[in-house]
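Engineer: Chains as they are written, first to last, in the numbering used here: chain A, 2 to 259; chain B, 713 to 1182.
These are computed hints drawn from the structure, not numbers from a lab.
It is possible that some hints are incorrect.
[Stated by the list, open to error] Each computed DSBU-like pair below joins lysine-lysine, with the alpha-carbon atoms no more than 35 Å apart:
#, chain 1, residue 1, chain 2, residue 2
1, B, K1058, B, K875
2, A, K120, B, K831
3, B, K1126, A, K108
4, A, K66, B, K1058
5, A, K108, B, K1100
6, A, K107, B, K1047
7, B, K822, A, K120
8, B, K831, A, K129
9, A, K108, B, K727
10, B, K1058, A, K108
11, A, K220, A, K129
12, A, K107, B, K875
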Amino acid sequence: MESKTPLLEIVNLHAGIEDNKILNGINIEIGPGEIHAIMGRNGSGKTTTANIIMGHPDFDIEEGKINLNGINLLELEPWERAKNGVFLSFQYPQAVPGLQVGNFLKKSVASIRGADAAKGVNFRGLLKDSMKELNMPSSFLSRYVNDGFSGGEKKRFEILQMMLLQPKLAILDETDSGLDIDGIKTVATGINSAIRGTDSGALIITHYSRILDHVKPDKIHVLIDGKIVATGDASLANDLEENGYDWLENKIKSEGEV
Amino acid sequence: MESSQEAREVIGDYKAGWHDSENSTIRFDAGLSEQVVRDISEIKNEPNWMTEIRVKAYKHFVDRPMPTWGNMGMLKNIDFEKVCYYLRSSKATENDWDEVPEEIRNTFDKLGIPDAEQKWLSGVTAQYESEAVYHSIRDDLVAQGVIFLDMDSGLREYPDLVKKWFCSVVPYSDNKFSALNTAVWSGGSFIYVPKGVHVEMPVQAYFRINAKNIGQFERTLIIADEGSSIHYVEGCTAPTYSTDSLHSAVVELIALPGSHIRYSTVQNWSANVYNLVTKRGIAHENSKIEWVDGNIGSKLTMKYPSVILKGEGSHAEVISVAYSGKGQHQDAGAKIHHLASNTTSKILSKSISKDGGRGTYRGMVTVSSKAENCKLNVVCDALILDEKSRSDTYPTMEVSNSTAKCEHEASVSKVSDDQLFYLMSRGHTEEEALALIVNGFFEPFTRELPMEYAVELNKLMALEMEGSIG
């Protein structure tokens, strides 16, 4: 694994919005086939990190770099990043009334994976299989994008998009919140089948360890006040679940960085 | 050089903005007088009664002040003396495209009319300036007694029918522009569907203004006899000139008991056209009238498709969209009068304003005291795309019977950055993302259109969104 070029490389990322500094020097490196997780309290900068990788225009990058397979993402528009394989499963997916799910999926696949991928059996086969895996009825296709969806439906729809768009890097921003235990299992299966054994990678953002029990990330990063204060293996999630973030903060105060 | 530069700036993204050279066989001098009105009638060799209505309407037009609502600032810029009231470019109305003068035929080719006719229409009438230049209807419909003619031929061939219904729904004294239309009308469609006949595929009329400073005043009359049905579709475009043109139509619909009339319009006049139109239908027992009304073009549109629910159990629907871009004001809406019991109505209005454009919903629904158990539903949604643009809603409901069930919803929304970002993260450029949002907003309207029109409208809106992100 050491010899491979990293899939995603975030180096010393400092960023904020207007005068508020949110990220204070973040470093993350994800290799092909790896799944990493970022944990942290509300307001620690998790969603900001996800939005910045995707290219949300509201944030100012003060310093640092983000490369995907050696390509400097910071120079690209959000849609160019998407075409280069970045996918974000949103914490709060936006509704687009009047835009039908089926039509939207087809257009997005055409835009990201090319016209052929959005045609005929190629498209229909993958769509059918993916929806089956996510327990989504075909009537879903004629609904409007995220319009009147329940929390669980929104999250499943994000994962469906991920499965169809086949990204190189999937960022999942609190995809587990709002899902019941069966939903979390389904989503975890989706993530595993999309990433494990491929050249793609994933970055899972979450408060809770539940989803991580099913996905088993290679690394866990803990974000506090816009800085990664600890990186460890899957057991770190369990420690956090048992002892809370205060435990980690106290531990850092007494021992320095872990 | 300079002028073509200017033309490009004026035309912008408007794809129907070219114009043919003007080979008019008859062009009246600009200006309006009783003589002009009489001359139009004479050229058409009309019966006396029609000439007399025209003259009365002209006098009413002269006496009637401009409306004191809508966009008075724009209305007062209309110079009625600079308008040409009659212009004929072709000697006759043909029923074979090969007989239509080549230049005019090319225009309609470019607009895709003959192609559409072959694929999905029951009949077509194409009006160029003041007169219909082409007209056809499927033989099987003729055999069933369906009449589909341009209005002038209708008057010549069925004077009694025309005399019975003309001005019966929209009297010339209804408003200043219905008076103007009645005085100088030319062209338009005349349709009669006999009892029990269902015209399955739509019939289409296409209105094209080509010359500068011209007024187009078509007059349409549709009578659906008992238990019959018809879907009429109209489209309109004009070249872009730096001077203004005037389009002022009157449409009258009569839905006899148990019949169904659907009237769909996609109006895409260039941004130098004043579009001041009166559209109204009378619905008899258990009949249904639907207006599907899209306003994309024009400088100023003032149009409020109306239905008078006269017969018990009748139903009215007005589904409309309006797009107001730079320099445009769409003052549109609907009017429905519940005069009989158990009548139902639905109004859905969607408007988008952008680049300083102005969208107005102006609607009125009334329920008379004798009308029991009426149901009415009004929804108006506005989408504002930038800070410069404006949207106003003037809904009026006058309900004089307490058994009526009324629902009214209105919303004004903006496209949010988060919505755009969400779509951009799925590989769509900012302009494409905006077009997806805008087409989605109009979807409840486009799904009511024949497929070919819906596709065309989506393309048109995508075009309007180009260059809109700065």
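Engineer: Does each hint hold? Answer for all of them.
Structural biologist: Verification of the hints:
1. B:K1058 x B:K875: Cα-Cα ~32 Å, so holds.
2. A:K120 x B:K831: 25 Å, holds
3. B:K1126 x A:K108: 23 Å, holds
4. A:K66 x B:K1058: 56 Å, violated
5. A:K108 x B:K1100: Roughly 31 Å between the alpha carbons, so the hint for K108 of chain A and K1100 of chain B holds.
6. A:K107 x B:K1047: The hint is violated at about 40 Å.
7. B:K822 x A:K120: Between K822 of chain B and K120 of chain A the Cα gap is close to 30 Å, so the pair holds against 35 Å.
8. B:K831 x A:K129: 33 Å, holds
9. A:K108 x B:K727: Holds, because 25 Å separates the two Cα atoms, which is no more than 35 Å.
10. B:K1058 x A:K108: 33 Å, holds
11. A:K220 x A:K129: 33 Å, holds
12. A:K107 x B:K875: 54 Å, violated
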